[in-house]
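Q: If you read the sequences in order, they're chains R and W.
First residue of the first sequence? That's 1 in the UniProt record's numbering, and the numbers climb one at a time after it.
First residue of the second sequence? That's 1 in the UniProt record's numbering, and the numbers climb one at a time after it.
Where hints are given, some of them may not hold.
Here are the in silico distance ranges between beta carbons for each label pair [claimed, not checked]:
{"no.": "1", "chain 1": "W", "residue 1": "15", "chain 2": "R", "residue 2": "12", "range": "33 to 43 Å"}
{"no.": "2", "chain 1": "R", "residue 1": "679", "chain 2": "W", "residue 2": "34", "range": "45 to 55 Å"}
{"no.": "3", "chain 1": "R", "residue 1": "503", "chain 2": "W", "residue 2": "59", "range": "16 to 26 Å"}
{"no.": "4", "chain 1": "W", "residue 1": "46", "chain 2": "R", "residue 2": "278", "range": "21 to 31 Å"}
{"no.": "5", "chain 1": "R", "residue 1": "665", "chain 2": "W", "residue 2": "56", "range": "26 to 36 Å"}
{"no.": "6", "chain 1": "R", "residue 1": "669", "chain 2": "W", "residue 2": "67", "range": "50 to 60 Å"}
{"no.": "7", "chain 1": "R", "residue 1": "62", "chain 2": "W", "residue 2": "4", "range": "36 to 46 Å"}
{"no.": "8", "chain 1": "R", "residue 1": "19", "chain 2": "W", "residue 2": "59", "range": "39 to 49 Å"}
{"no.": "9", "chain 1": "W", "residue 1": "52", "chain 2": "R", "residue 2": "464", "range": "38 to 48 Å"}
{"no.": "10", "chain 1": "W", "residue 1": "35", "chain 2": "R", "residue 2": "62", "range": "30 to 40 Å"}
Note that these hints are calculated values from the structure, not bench results.
Note that the coordinates shown come from a computational prediction; the quantities given were computed from them, not determined experimentally.
Every residue gets a Cβ at the ideal spot worked out from N, C-alpha and C, and that includes glycine.
Residues per chain, in single letters:
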Amino acid sequence: MSTARNVSRISPRSVVVWTAVALVGAVGWAMLALARGEEVSAAWMVAAALGSYAIGYRFYSRFIAQRVLRVDKHRATPAERLDNGIDFHPTDRRVLLGHHFAAIAGAGPLVGPVLAAQMGYLPGTIWIVAGVILAGAVQDMVTLFFSMRRDGKSLGQMAREEIGPVGGAAALLAVFAIMIILLAVLALVVVNALAESPWGTFSIGMTVPIALFMGFYLRVLRPGRVTEVSLIGIALLLLALVSGRWVAESSWAGAFTLEPGTLVIWLLVYSFIASILPVWTLLAPRDYLSTFMKIGTIGLLAVGVVITVPTLKMDGITDFAGVGDGPVFAGSLFPFVFITIACGALSGFHALISSGTTPKMIQKETQVRMIGYGSMLMESFVAIMAMVAACIIDPGLYFSMNAPAGVIGDTVQSASEAVRSFGYSISPEQLAAAAKAVEEQTLLSRTGGAPTLAIGVSEIFSQVVGGAGMKAFWYHFAIMFEALFILTALDAGTRVGRFMLQDMLGNVHRSFRRVSWWPGLLFSSAVVVALWGYFLWVGVHEPLGGINQLFPLFGIANQLLAAVALAVCTTLLVKSGRLKWAWVTGVPLVWDAVVTLTASWQKVFSTDPKVGFFQQRADYQEAIEQGKVIAPAKNMDDMHTVVTNSTVDGVLSALFAILVVVVLVDAGRTCVRAARHPREATLHEAPYVPSQLTAPAGLFATAEEKSELAAASAGGGGTPDGGGPGGGSGAHRPGGGDG
Amino acid sequence: MTGRAGAGALLRAGRWVRWYVRELTDESAYERYVAHVRAHRGPDAAVPGRREFERRRTDAREADPREGFRCC
Numbered sequence: 001m002s003t004a005r006n007v008s009r010i011s012p013r014s015v016v017v018w019t020a021v022a023l024v025g026a027v028g029w030a031m032l033a034l035a036r037g038e039e040v041s042a043a044w045m046v047a048a049a050l051g052s053y054a055i056g057y058r059f060y061s062r063f064i065a066q067r068v069l070r071v072d073k074h075r076a077t078p079a080e081r082l083d084n085g086i087d088f089h090p091t092d093r094r095v096l097l098g099h100h101f102a103a104i105a106g107a108g109p110l111v112g113p114v115l116a117a118q119m120g121y122l123p124g125t126i127w128i129v130a131g132v133i134l135a136g137a138v139q140d141m142v143t144l145f146f147s148m149r150r151d152g153k154s155l156g157q158m159a160r161e162e163i164g165p166v167g168g169a170a171a172l173l174a175v176f177a178i179m180i181i182l183l184a185v186l187a188l189v190v191v192n193a194l195a196e197s198p199w200g201t202f203s204i205g206m207t208v209p210i211a212l213f214m215g216f217y218l219r220v221l222r223p224g225r226v227t228e229v230s231l232i233g234i235a236l237l238l239l240a241l242v243s244g245r246w247v248a249e250s251s252w253a254g255a256f257t258l259e260p261g262t263l264v265i266w267l268l269v270y271s272f273i274a275s276i277l278p279v280w281t282l283l284a285p286r287d288y289l290s291t292f293m294k295i296g297t298i299g300l301l302a303v304g305v306v307i308t309v310p311t312l313k314m315d316g317i318t319d320f321a322g323v324g325d326g327p328v329f330a331g332s333l334f335p336f337v338f339i340t341i342a343c344g345a346l347s348g349f350h351a352l353i354s355s356g357t358t359p360k361m362i363q364k365e366t367q368v369r370m371i372g373y374g375s376m377l378m379e380s381f382v383a384i385m386a387m388v389a390a391c392i393i394d395p396g397l398y399f400s401m402n403a404p405a406g407v408i409g410d411t412v413q414s415a416s417e418a419v420r421s422f423g424y425s426i427s428p429e430q431l432a433a434a435a436k437a438v439e440e441q442t443l444l445s446r447t448g449g450a451p452t453l454a455i456g457v458s459e460i461f462s463q464v465v466g467g468a469g470m471k472a473f474w475y476h477f478a479i480m481f482e483a484l485f486i487l488t489a490l491d492a493g494t495r496v497g498r499f500m501l502q503d504m505l506g507n508v509h510r511s512f513r514r515v516s517w518w519p520g521l522l523f524s525s526a527v528v529v530a531l532w533g534y535f536l537w538v539g540v541h542e543p544l545g546g547i548n549q550l551f552p553l554f555g556i557a558n559q560l561l562a563a564v565a566l567a568v569c570t571t572l573l574v575k576s577g578r579l580k581w582a583w584v585t586g587v588p589l590v591w592d593a594v595v596t597l598t599a600s601w602q603k604v605f606s607t608d609p610k611v612g613f614f615q616q617r618a619d620y621q622e623a624i625e626q627g628k629v630i631a632p633a634k635n636m637d638d639m640h641t642v643v644t645n646s647t648v649d650g651v652l653s654a655l656f657a658i659l660v661v662v663v664l665v666d667a668g669r670t671c672v673r674a675a676r677h678p679r680e681a682t683l684h685e686a687p688y689v690p691s692q693l694t695a696p697a698g699l700f701a702t703a704e705e706k707s708e709l710a711a712a713s714a715g716g717g718g719t720p721d722g723g724g725p726g727g728g729s730g731a732h733r734p735g736g737g738d739g
Numbered sequence: 001m002t003g004r005a006g007a008g009a010l011l012r013a014g015r016w017v018r019w020y021v022r023e024l025t026d027e028s029a030y031e032r033y034v035a036h037v038r039a040h041r042g043p044d045a046a047v048p049g050r051r052e053f054e055r056r057r058t059d060a061r062e063a064d065p066r067e068g069f070r071c072c
C-alpha cells in the first residue's frame, strides 16, 4: 500500500502541478519585492500568499504529521472513545474545520496587519506568510495533537503535568494577565471606532435587543432552531444598520454621539451585566450572529479582492521601518513588526482553542493536519486581506487615521501638515471629503485598526456593489462586523477570566470554587471588568495615544502565550522520544522568545522615550519637577497621567518577560532531564485503543480512502455517521459494536 | 435531460448546505444526542425533550465558560 502511495506521490502530473504552484508563489513574491516607486497590484500579494500556503501545507504539514507526530489512523481519538453524544463526539472534519476556524479567527488578524502597515506592506506580509507556515500553524497543529492524545486537556493542565508545577503556575498567571490586556485592547478598538459616530453607536446598540430577542426565541419559543433565528437576527441586524443612517440624520443623533469616555462607561456596564446574565440571554445568540457575520464578511472580502484586484498605494517598505519613529506604534522593524502582527502569523491564543473544544471532537488523528494547520492558514489569509485593505487606501489618509491626536492635532489642516512631515501628502479638503464619503464627522486619529480596515473594505465592496453611493453603508457594515464580535469577546472573555479568578480564589475561600455562588460570582466579575476597565480607561485618556502604548503590550502578551504553548510542545516532543524532531517547535520557540524578550527589554530599558516606558516615565517626571509640560501633554494633569501609565505599562512588560523566562527555564530543565534519562520521562498520554471509524484525512477523500470507506460501509453494514447527505466522503463506523 | 440533471445537482447542493449549516451551528445536537442514547441504551431508553436538552446544554456552558470560547 505505502509503496503504491510513494510511487503516486512523485507522479509526473504531481510534479508539474506543484512546480506551477511554487512558480505562482515565487512570481508573486518577486513582484512584491522588486516593485520600486510604482503601484503594485494586490493580486501579487494574494498569489504570493496562496502559493506559499499551498507549498507549506502540501509538504511541511505532511512531514510534521507523518514523520514528527506520526499520526495513527488506527488509534481511536477521544471523540470516538469517550463519545457521549454531547461534548465528545466524532465530528465531520469539514464541520470541525468551520468550528475551529470560527473559534480562532476574530478581530486580531484584522487589527495587527493594519497597524503594521505603517512600515509598508512588505515586512508584515513576509512575516504573516513565513510565520504561519513555520511557526503559527505548526503550534496550532502540534498543540491540537498533544491535547487530543490527552483527552482534550487544556494548555494549563498540560503545562502543569508535563513541565512542572512552577512552569504550570506561571503559565496560568500568564493566561490571566494576557486575557486582561486582550480585553482592554479589543474594547479600545471598539471605543475608537464608535466615538462620535451616531450611526455606528446606534447600530451596535441595537444588537443588544436583537440578541435578547434571539435568546428568548431559542429558550422559549423554538428551542434549538439556530439557523432560522440566525437568519431573522441577520435581517434585523441589516435593518439596524440601515436605520443607523436615518438616526444619524435625525434629531436623535445627539443621543448617540458619545465621547470616548462615555463609551467606556457604557462598555464596562454592558460587559459586567452581560457576564453575570445567563448564557442564553445574550452570549449564545450573539455568538451565532457574530459567527455568521464573520464567515460571511470574510468570504465576501476574499471574493471582493479577487474581483476588484485593487492596487497597493502604500510603499513596500516605509522610512518608519528603519528608524522606528512611526506614529502608529514606536519601535524598529525588529522586533516590533513581529509583535504587532500576532494573530495571522503566530498567536498563542490559538493554543487555548487547540487544547479546548476541538480535540474532543476530532474524528481521526490524521485530521489534525487539516484542522490545526489548515485553519491557521485560513486565518493567515484573513490577515493578508486586512493588509490589502490597509494598503489600498491613500497613505496620507492611512497616517491621518492611525496617528494619535497628540501627533497630528485635531483639525484637517494640522493633520495635513503633520502627514507632510511624515513624507506623504493629503490636502485638508481630501481629508474632509474622505470623512464625508463614509458619513463620519472625522476620520482623524481613528486609531485601533477597525476604522482603517472599514475604509479599505468599503473601497473594495463599493466597487462590487453599489458604487460610491454605498461607501458609507459598507463602512458601517465593516465597523459593525468588527464591533459585534469584539463585544461578544468582551462578554466571553470576562467569563473566562472570572472562572480563572474563582478557581484561584477557591484556594483562599472554598465557596469561590462553586461557580454559581452568587457573591463570589459578582465579586469576581467585578474584579475582572475593573482590571481591564482600568487599562481601557487609561488607553482612552492616554495623551500619547492608547493604541500606541497598549498594542505592543497586547502583542507581547499574545506572543508570550505562544512561547508557553511552543515550550509545552517542545517538551512533549522531547519526552515522547522525538528529540531529533524537537526543532520543529524548538526553532519557532527560540525565534518567538528572542522577539518577545527583545521587545520586552526595549519596552523596559530603551533610552528612547518613545519606546522605553521607564525612560518615558523619567523624562516626564523630570519635567514635572521643573514645572514644564512636554508635548503632546497639554497640562500638568496630562503629565501626571503619562507618568502613572508608563510606570504601570513598564512593570507589566517586565512581569510578562519574567513569566516567559520562568516557563522557559522550567521547560528547559524538564527537556534536559528527559533527554538524559529518556526512560524516566513520564507521559500522561491516554492509552492506545484501536479505532473502529474510517474517515478521510483531508478535505477530499483520496482514491485509497474512498475504497476504505466503501469497504467499511459494506463490511460492517454500518450507517453513515455525520457523513451528510453527500455520503461519499463522510465517515463510517461498524454497526453497534462499541457499546 | 440536462435540465433535470442540473436540478438534481442543485437539490443535492442545497441539501448539503443545509446539513453543513445545521452541523456547524449545532442545531443537530439534539438529534445526535437522541441517536447516541438510543444506540447505546436501547431504542426505548428515556431521553429528555428538546427544550430540556437545550437548557442543559446552555447551563453546561454557564458552568464552564471555557467551552466554546472564541479567540481574538
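Q: Each hint: holds or not?
A: So, going through the hints one by one against the coordinates:
{"no.": "1", "hint": "W:15 / R:12: 33 to 43 Å", "result": "38 Å, holds"}
{"no.": "2", "hint": "R:679 / W:34: 45 to 55 Å", "result": "48 Å, holds"}
{"no.": "3", "hint": "R:503 / W:59: 16 to 26 Å", "result": "19 Å, holds"}
{"no.": "4", "hint": "W:46 / R:278: 21 to 31 Å", "result": "26 Å, holds"}
{"no.": "5", "hint": "R:665 / W:56: 26 to 36 Å", "result": "44 Å, violated"}
{"no.": "6", "hint": "R:669 / W:67: 50 to 60 Å", "result": "33 Å, violated"}
{"no.": "7", "hint": "R:62 / W:4: 36 to 46 Å", "result": "41 Å, holds"}
{"no.": "8", "hint": "R:19 / W:59: 39 to 49 Å", "result": "55 Å, violated"}
{"no.": "9", "hint": "W:52 / R:464: 38 to 48 Å", "result": "46 Å, holds"}
{"no.": "10", "hint": "W:35 / R:62: 30 to 40 Å", "result": "35 Å, holds"}
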